[in-house]
Amino acid sequence: DIQMTQSPSSLSASVGDRVTITCRASQTINNYLNWYQQKPGKAPKILIYAASSLQSGVPSRFSGSGSGTDFSLTISRLQPEDVATYFCQQSYSTSWTFGQGTKVEIK
Amino acid sequence: QVQLVQSGAEVKKPGASVKVSCKASGYIFIDYYIYWVRQAPGQGLEWMGWINPHNGGTKYAQKFQGRVTLTRDTSISTVYMELSGLTSVDTAIYFCARDSRVVVPGTMYNWFDPWGPGTLVSVSS
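Chains A and B are the protein sequences, given in the same order.
Count along the first sequence from 1, add 1077, and you get the number used in the working numbering.
Count along the second sequence from 1, add 1251, and you get the number used in the working numbering.
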């Protein structure tokens, strides 16, 4: 199976800060990479698919980049409602795998 | 609107089996795969398997092979996940999610959307 490794596992930033989360695949996955946001007690919600395509309705402060094995999710100006855990997921293989998650908090 | 509704919380003894349902509405049921993902308390997301509601075809994560069974009932647009041989480490929230996709020249991209609300399965003696 393709292993997905996220970093950092958690971060604390101030409102308005630029925040970047990285995700590395154990083999090349081209741009078959999705990002989800999960708020406490809720199901995950899709933010980005195909590494950089913003899902309809998702605020434009979220963006994704990368290809091959290295990817990133950026929040351009962190907002209080962005407190959540973020997961990457590879869609290259039909044996789907997720990163371990990055918890984002407000400082 | 597309919606997935899951069955209620379950409490099971070690060694027992659990069967969780996921009822779909708002779209043509047989046109989209359904995925199952679980999340242990305070942990990450773990893909368990998928089912093709059109023909009942399935694929399971290696970790769950032999213990998980996905089935569907097209007459009521419902998918079932049955997990056997439960132990305490199976205590988790179990989510179903529908496939979403976009086709571009030469390829297709898939992701999980929407998700059901989750079903808590607790295993305790």
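Source of the hints: derived by calculation from the structure; they are not laboratory data.
Among the hints, a few may not be true.
Only some residues are given here: those of chain B computed to face chain A with a beta carbon under 8 Å [as the list claims (entries may be wrong)]:
| no. | residue |
| --- | --- |
| 1 | G1308 |
| 2 | K1310 |
| 3 | F1315 |
| 4 | G1357 |
| 5 | N1361 |
Derived PhoX-like pairs: lysine-lysine, alpha-carbon spacing no greater than 25 Å straight-line [said to hold, decoys possible]:
| no. | chain 1 | residue 1 | chain 2 | residue 2 |
| --- | --- | --- | --- | --- |
| 6 | A | K1184 | A | K1119 |
| 7 | B | K1310 | A | K1122 |
| 8 | B | K1314 | B | K1270 |
| 9 | A | K1122 | B | K1264 |
| 10 | A | K1119 | B | K1274 |
| 11 | A | K1119 | B | K1263 |
| 12 | B | K1270 | A | K1119 |
| 13 | B | K1263 | B | K1314 |
| 14 | B | K1310 | A | K1116 |
C-beta: ideal position from N, C-alpha, C; glycine also.
Hints violated by the structure (numbers, ascending)
Hint check: 1, 3, 4, 9 and 14 fail, others pass.
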